[in-house]
Amino acid sequence: GESVGLHLPTLSVQEGDNSIINCAYSNSASDYFIWYKQESGKGPQFIIDIRSNMDKRQGQRVTVLLNKTVKHLSLQIAATQPGDSAVYFCAENKNFGNEKLTFGTGTRLTIIP
Amino acid sequence: NAGVTQTPKFRILKIGQSMTLQCAQDMNHNYMYWYRQDPGMGLKLIYYSVGAGITDKGEVPNGYNVSRSTTEDFPLRLELAAPSQTSVYFCASSYSAGARGTGELFFGEGSRLTVL
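Protein chains in written order, with the working numbering: chain A, 7 to 119; chain B, 156 to 271.
Quick caveat, the hints were computed from the structure, so don't treat them as lab data.
Misleading hints may appear alongside valid ones.
[To be verified] Pairwise CB distance ranges, derived in the manner of DEER restraints:
#1 B:S222 x A:Q64: 22 to 28 Å
#2 B:T225 x A:Q20: 47 to 53 Å
#3 A:Q66 x B:N156: 45 to 51 Å
#4 A:S18 x B:T175: 37 to 43 Å
#5 A:P88 x B:S222: 26 to 32 Å
#6 A:K100 x B:T225: 40 to 46 Å
[Unchecked claim] Below, simulated PhoX-like cross-link-like pairs (lysine-lysine); rule was C-alpha separation at most 20 Å, straight line:
#7 A:K106 x B:K164
#8 A:K106 x A:K77
#9 A:K106 x A:K62
#10 A:K48 x B:K199
#11 A:K48 x B:K212
#12 B:K212 x A:K74
#13 A:K48 x A:K74
#14 A:K62 x A:K77
#15 A:K77 x A:K100
#16 B:K212 x B:K199
#17 B:K164 x B:K199
#18 A:K100 x B:K164
#19 A:K48 x A:K62
#20 B:K199 x A:K106
We put the beta carbon where it would ideally sit given N, CA and C, even for glycine.
Produce the complete structure using the sequences and hints provided.
Printed below as a string of structure tokens:
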């Protein structure tokens, strides 16, 4: 069945280091992927997205990598800051539509000062 | 812009009671969604709407109802509350799929519901 899962539920990183959050997906028909950040007590916030015709996309301090061969997605955060502490979710969709995003269970990232 | 506004932020219900979670957005988005998030889990889609007068079921619609009489508002109704509906509920909105080139959903702050 369709699922989006994460390899690690928690991740602790020293402030200033880079962090990598991984996500596996099982639906080979998925063609659009999004990363969201959720701070405690708040709603998720869009970080970056990538379509299946790309294998890498960069934003401000963040990079998303997509490996369709092994159905794996990762989010790299450069020079982590205390404000990066949050739960990070990957989400997938088919046909580049919004209607039915499938969210993973999330990885809690903790930045150690 | 206020973005997506949800009320109430917290509510405790008794089993069998009914209530409506309110959601309003001021971004003129066509698409609106209701998700629930159980502890330590991702978000599951309850219902969504692609425009006023149009609604459709998501992954977990049982026990809920929605309506979309205006572009701005998308209330979620719980008719007979059950303990299994204890969760945090998030409303979200977005532009039409593909219209702006991204799948960015704008989420509200959430409504924490406890059914006892």
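Against the structure, the hints:
1. B:S222 x A:Q64: 22 to 28 Å: Hint violated: Cβ distance 41 Å, outside 22 to 28 Å.
2. B:T225 x A:Q20: 47 to 53 Å: For T225 (chain B) and Q20 (chain A) the Cβ distance comes to about 49 Å; the hint holds.
3. A:Q66 x B:N156: 45 to 51 Å: About 22 Å separates the Cβ atoms of Q66 (chain A) and N156 (chain B), which means 45 to 51 Å is violated.
4. A:S18 x B:T175: 37 to 43 Å: At 41 Å between Cβs, range holds.
5. A:P88 x B:S222: 26 to 32 Å: Hint violated: Cβ distance 42 Å, outside 26 to 32 Å.
6. A:K100 x B:T225: 40 to 46 Å: The hinted range 40 to 46 Å is violated for K100 (chain A) and T225 (chain B), with Cβ atoms some 29 Å apart.
7. A:K106 x B:K164: Violated - the C-alpha atoms of K164 (chain B) and K106 (chain A) are around 25 Å apart, more than 20 Å.
8. A:K106 x A:K77: holds, 19 Å
9. A:K106 x A:K62: violated, 23 Å
10. A:K48 x B:K199: At roughly 16 Å apart (the allowed maximum being 20 Å), K199 (chain B) and K48 (chain A) satisfy the hint.
11. A:K48 x B:K212: violated, 25 Å
12. B:K212 x A:K74: This hinted pair is violated, its Cα atoms lying about 29 Å apart.
13. A:K48 x A:K74: violated, 31 Å
14. A:K62 x A:K77: holds, 14 Å
15. A:K77 x A:K100: Judged against 20 Å, a Cα distance of about 14 Å means the pair holds.
16. B:K212 x B:K199: It holds: about 11 Å lies between the C-alpha atoms, which stays within 20 Å.
17. B:K164 x B:K199: Roughly 19 Å separates the two Cα atoms, so the pair holds.
18. A:K100 x B:K164: violated, 32 Å
19. A:K48 x A:K62: Violated: K48 (chain A) and K62 (chain A) sit about 28 Å apart, past 20 Å.
20. B:K199 x A:K106: holds, 9 Å
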